[in-house]
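Got chain A sorted already, so can you dock chain B onto it with the hints?
There are 2 protein chains.
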Amino acid sequence: VDFGDGYSICDQCLKGALDKIQNPPIGDFFQDFAEWVNQDRSFATGGARHSKRIALKVIKKIHPERNIVLVDANAHYSTFLAVEENQLVPMEVPHDGKPTYRVNLEAYGEKIDEVVDKTGVLPVAALLTHVDYQYGNLNDPAVVGNICKQKDVPFILNGAYSIGILPPPPRSCEIDFITASGHKSMAASGPVGMLAFKEEYAEGVFERSKVVGDITGRSWPGKYCNFLGCPSVYGAPLATLMASFPAVVERCLPKNAEEEVKKVNFLVGEILKIEDFAVQGVLPKEHPLMKVMTPGFAKVSETHPRKGFFVREEFKKRGIIGMAPGISKSMKINTFGLTWEQVRLVAWAFKDIAAQNGLNVTE
Amino acid sequence: VDFGDGYSICDQCLKGALDKIQNPPIGDFFQDFAEWVNQDRSFATGGARHSKRIALKVIKKIHPERNIVLVDANAHYSTFLAVEENQLVPMEVPHDGKPTYRVNLEAYGEKIDEVVDKTGVLPVAALLTHVDYQYGNLNDPAVVGNICKQKDVPFILNGAYSIGILPPPPRSCEIDFITASGHKSMAASGPVGMLAFKEEYAEGVFERSKVVGDITGRSWPGKYCNFLGCPSVYGAPLATLMASFPAVVERCLPKNAEEEVKKVNFLVGEILKIEDFAVQGVLPKEHPLMKVMTPGFAKVSETHPRKGFFVREEFKKRGIIGMAPGISKSMKINTFGLTWEQVRLVAWAFKDIAAQNGLNVTE
Numbered sequence: 212v213d214f215g216d217g218y219s220i221c222d223q224c225l226k227g228a229l230d231k232i233q234n235p236p237i238g239d240f241f242q243d244f245a246e247w248v249n250q251d252r253s254f255a256t257g258g259a260r261h262s263k264r265i266a267l268k269v270i271k272k273i274h275p276e277r278n279i280v281l282v283d284a285n286a287h288y289s290t291f292l293a294v295e296e297n298q299l300v301p302m303e304v305p306h307d308g309k310p311t312y313r314v315n316l317e318a319y320g321e322k323i324d325e326v327v328d329k330t331g332v333l334p335v336a337a338l339l340t341h342v343d344y345q346y347g348n349l350n351d352p353a354v355v356g357n358i359c360k361q362k363d364v365p366f367i368l369n370g371a372y373s374i375g376i377l378p379p380p381p382r383s384c385e386i387d388f389i390t391a392s393g394h395k396s397m398a399a400s401g402p403v404g405m406l407a408f409k410e411e412y413a414e415g416v417f418e419r420s421k422v423v424g425d426i427t428g429r430s431w432p433g434k435y436c437n438f439l440g441c442p443s444v445y446g447a448p449l450a451t452l453m454a455s456f457p458a459v460v461e462r463c464l465p466k467n468a469e470e471e472v473k474k475v476n477f478l479v480g481e482i483l484k485i486e487d488f489a490v491q492g493v494l495p496k497e498h499p500l501m502k503v504m505t506p507g508f509a510k511v512s513e514t515h516p517r518k519g520f521f522v523r524e525e526f527k528k529r530g531i532i533g534m535a536p537g538i539s540k541s542m543k544i545n546t547f548g549l550t551w552e553q554v555r556l557v558a559w560a561f562k563d564i565a566a567q568n569g570l571n572v573t574e
Numbered sequence: 212v213d214f215g216d217g218y219s220i221c222d223q224c225l226k227g228a229l230d231k232i233q234n235p236p237i238g239d240f241f242q243d244f245a246e247w248v249n250q251d252r253s254f255a256t257g258g259a260r261h262s263k264r265i266a267l268k269v270i271k272k273i274h275p276e277r278n279i280v281l282v283d284a285n286a287h288y289s290t291f292l293a294v295e296e297n298q299l300v301p302m303e304v305p306h307d308g309k310p311t312y313r314v315n316l317e318a319y320g321e322k323i324d325e326v327v328d329k330t331g332v333l334p335v336a337a338l339l340t341h342v343d344y345q346y347g348n349l350n351d352p353a354v355v356g357n358i359c360k361q362k363d364v365p366f367i368l369n370g371a372y373s374i375g376i377l378p379p380p381p382r383s384c385e386i387d388f389i390t391a392s393g394h395k396s397m398a399a400s401g402p403v404g405m406l407a408f409k410e411e412y413a414e415g416v417f418e419r420s421k422v423v424g425d426i427t428g429r430s431w432p433g434k435y436c437n438f439l440g441c442p443s444v445y446g447a448p449l450a451t452l453m454a455s456f457p458a459v460v461e462r463c464l465p466k467n468a469e470e471e472v473k474k475v476n477f478l479v480g481e482i483l484k485i486e487d488f489a490v491q492g493v494l495p496k497e498h499p500l501m502k503v504m505t506p507g508f509a510k511v512s513e514t515h516p517r518k519g520f521f522v523r524e525e526f527k528k529r530g531i532i533g534m535a536p537g538i539s540k541s542m543k544i545n546t547f548g549l550t551w552e553q554v555r556l557v558a559w560a561f562k563d564i565a566a567q568n569g570l571n572v573t574e
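Chains A and B, in that order, give the protein sequences. Just so you know, this note's numbering puts 380 at position 169 of the first sequence, and the rest follows in order with no gaps. Just so you know, this note's numbering puts 424 at position 213 of the second sequence, and the rest follows in order with no gaps.
Calculated directly from the structure, the hints in this document are not laboratory data. Ideal Cβ placement from N, Cα and C applies to all residues, glycine included. Any given hint could turn out to be false.
[Claimed, not checked] Just some of the chain B residues that point at chain A, by a computed CB distance under 8 Å:
(1) R264
(2) M302
(3) G401
(4) G424
(5) I426
(6) W431
Isolated chain A, as found in the complex:
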């Protein structure tokens, strides 16, 4: 609350750099965050997409002759835009399609070879979405990390849906950059993200300004180019990220994360009792986000006086809100942070709405 006005953090700045501010202890937080995700350094950004943009920019500067970025076929659009913004070209690593959409992690190796065959140089980087936004599939970064290390391709892990939800990946995964989202998965008021990385990239990430005023001779050799000075982000977004951090670390402990996964799998089991309902993505779930296909609801909507809106309204009657209006074919549900009682309520609501609308529900 002390830093909610958005500028109080800058009032505490004596050295012109965000990470040198001691109240609140921003530099310490960056170090703590880096250690928590098993990296060497970290810094705050305007969101995971900005972290991806900066990571790619730093790597591109090291390897200017390379221009292809490998991305998994489940990557979020912001990954593609970060690639595009750096004037690079994405090449997708395929998933196995409907219904599991499982990314073929081993294919990163073949794709790297393909890029070398076609262009004569390695890809500039390989990016893997740790957990995707659509199916909530969890990918093992160690597989891609070790392929990349062996083939000498920098490896970026996008943890927008995982860092803050699941235990951070161990050091042995050979990750060069981890991108994370404060507002998506770390209980922070957005927009804020984190970029964590290995020490060898620190010089590039923290590249200092070299510009000089030709008349005044002014220069700012302490300012970070990639953050347009120091203040990539501050105020409420950064203060809430820091305030939430201890609770976020706690909830990612294996015992707590495992409990969350039990909840989602319980709900999956209940939903699959409804006629024709399906859960896309890899099962059993390893992350609390799931995509549910609800063809029975879509069929009901064809003749229902409220059309597709009945779905949202029926859930709302049963105390469950947040669904997009009018959607009846599929929905994304995240059980993260719900109590067991709440998870059971959601399961009951699905089955009750289905049964009341003439769909078969097995017990």
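Just chain B, lined up with the frame of chain A:
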């Protein structure tokens, strides 16, 4: 408060674009803001520095053969970093030095000619700091705007210290882009800024994504490249900027802005009664930010048991806080928003501290 959690704005997004969200009415706000600053369009950014970076990027794309940006010699470091980030070169337009530091606005014309002579092409843009961060000097954008229009150079006005404090510049100033700061001058919780611009630049600012997934065929032709999708900024920063907007418009009405200028000039008059004290920058003040030279305090600090810290401590005793610890040679003061009673208290404190420490104060 409804949008303080940072993601509620995105929960209201149905069309995948920030400016299409109707609750809160973000698109309406962008239009209102543009009209208020006498431009055609506007969008939110992560701060004025990001607005400058994007404006330069858009113009550079139109004129890729140009690489020099004219900037006034009082420009903030973030202006130089925005130039540097676009791989452009700044060329300063001089001020007249100590004590007024008045920018020679007419020199923009000569500098443009000089660039053409030296490089064979026009500067990519001319940037003027409307009110600088150091002396609070107000520059008339009409002078530079008309020179730029005549010579066909795009003109950027950095209003980080003016938009939200003074009446916005009229349309006749021929400004192509205005950059503004939410947390510096528009009573918003940072980081947030605005970029307002003429319609002819809308296509460039709102350039859409062209990237395509080679396997999945996914593409996002509705997403804005320069904002890495839609969400340049949202949550508390944007919600507080919108919440403050009516009050900000009100306080910038000429009668209110003029009253603020009376207050700062009253304080200047009082401070100048102290032996050797001076106010740098152009006088009388046209903006409530001033730089005060306090050599008498510096002299006292040489023998004072609390050294330079006595300045901050003496002001604090008199109910005035916010000074940097240990500084005794000069200080920046902004009287904006103080009541007349508070301004008189500050004036009295200056004179009282000076007199009690043996400095001459005339009446």
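*Of the hints given before, which are not true for this structure?*
Checked against the structure, no hint fails, so every one of them is satisfied.
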